[in-house]
Amino acid sequence: MVESVWIVGCGDVGLRVAKRLQQEGLEPTGVVRSRQSLERLEAAGVRALQCDLDTQSAPLKGTVIWLAPPPREGRTEPRLARCLHAGSAIRRLLYLSTSGVYGDCGGEWIDESAPIAPKSARAQRRADAEHQLAAWRSATGGDYVVIRVPGIYGPGRLPEARLRDGTPVIAADAAPYTNRIHVEDLAAATLCVLRHGETGQAYNVADGNPTTMTDYFLRCAALLGLPAPPQLPPEEARTHMSAAMWSFMEESKRLRVDRLRDALGFQWQYPDLASGLPACLSSEIAKDA
Numbered sequence: 001m002v003e004s005v006w007i008v009g010c011g012d013v014g015l016r017v018a019k020r021l022q023q024e025g026l027e028p029t030g031v032v033r034s035r036q037s038l039e040r041l042e043a044a045g046v047r048a049l050q051c052d053l054d055t056q057s058a059p060l061k062g063t064v065i066w067l068a069p070p071p072r073e074g075r076t077e078p079r080l081a082r083c084l085h086a087g088s089a090i091r092r093l094l095y096l097s098t099s100g101v102y103g104d105c106g107g108e109w110i111d112e113s114a115p116i117a118p119k120s121a122r123a124q125r126r127a128d129a130e131h132q133l134a135a136w137r138s139a140t141g142g143d144y145v146v147i148r149v150p151g152i153y154g155p156g157r158l159p160e161a162r163l164r165d166g167t168p169v170i171a172a173d174a175a176p177y178t179n180r181i182h183v184e185d186l187a188a189a190t191l192c193v194l195r196h197g198e199t200g201q202a203y204n205v206a207d208g209n210p211t212t213m214t215d216y217f218l219r220c221a222a223l224l225g226l227p228a229p230p231q232l233p234p235e236e237a238r239t240h241m242s243a244a245m246w247s248f249m250e251e252s253k254r255l256r257v258d259r260l261r262d263a264l265g266f267q268w269q270y271p272d273l274a275s276g277l278p279a280c281l282s283s284e285i286a287k288d289a
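Each residue of the sequence shown is one higher than the last, beginning at 1 in the working numbering.
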């Protein structure tokens, strides 16, 4: 690792990564959009820079951990493009993408060799970012790695509001496969891939034990002592979900994590929901947005 480490989009995950780096004697800089986020990082003892990625390019150099999401509209990722084209001082960049770039895989087990075929606009924006990085490497020799991340859960990230509202879920026997990763394992895996990942490669970062969104909500309800959500047929359940939520329900896949485990030697602290969910009730570090 070089001494200059930038965490772009330093929210909940980024703060956890920053704290791990500080424990190693490094002083990362978190890049955030709002003044509130800036103050939150500074209060947590993390050096911070306020930057609106829609109009500015941060003065990035050395090692960059890109956790910032793309804009909410469109099919491209202009925020990353702006920073990549601002200069060549970036030594190595880790980009947080989504497992959504694989699209719907009919519930099959897939690894990183599966072709990307993003279905939703949000996944298309992430796929565009991956293509940008490949082009950047070809043009400049830039060094980058990608992590493809599914649903993130952890302290402060459980669907408590939805459960209290009694929002229905898809009936268990019709629910698609979904994948998850505990936020602490994501922070640890981010640094593992950053340091040991092969240039230009993507790595699935999930716990390797997919279930369904219905199973997840039922487990969360039991953990929180709340009533189990009603289960409805898919088309009926759809009327109770936002378009964004339903886009997740239209895709079914099971992520293999052999590359992360076998090639990089990563070990999970929370390899499944049975171990990860109880830990979500422990104290959490301040969440940022």
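Hints should not be assumed to be uniformly reliable.
Said to hold, decoys possible - Straight line, CA to CA, 25 Å or less: simulated DMTMM-like cross-link-like pairs of lysine to aspartate or glutamate:
#1 Lys-61 x Glu-27
#2 Lys-119 x Glu-250
#3 Lys-119 x Glu-184
#4 Lys-19 x Glu-184
#5 Lys-19 x Asp-272
#6 Lys-119 x Asp-104
#7 Lys-19 x Glu-42
#8 Lys-119 x Glu-27
#9 Lys-61 x Glu-198
#10 Lys-61 x Asp-143
#11 Lys-119 x Glu-42
Claimed, not checked - The calculated label-pair distances, taken between Cβ atoms and stated as ranges, are:
#12 Leu-281 x Trp-109: 41 to 51 Å
#13 Arg-157 x Ala-228: 34 to 44 Å
#14 His-85 x Asp-173: 48 to 58 Å
#15 Ser-138 x Gly-166: 19 to 29 Å
#16 Ala-89 x Ala-161: 10 to 20 Å
Quick caveat, the hints were computed from the structure, so don't treat them as lab data.
We put the beta carbon where it would ideally sit given N, CA and C, even for glycine.
Just pull the numbers of the violated hints for me, sorted ascending.
-> Result: hints 3, 8, 11, 12, 13, 15 and 16 break, sorted rising.
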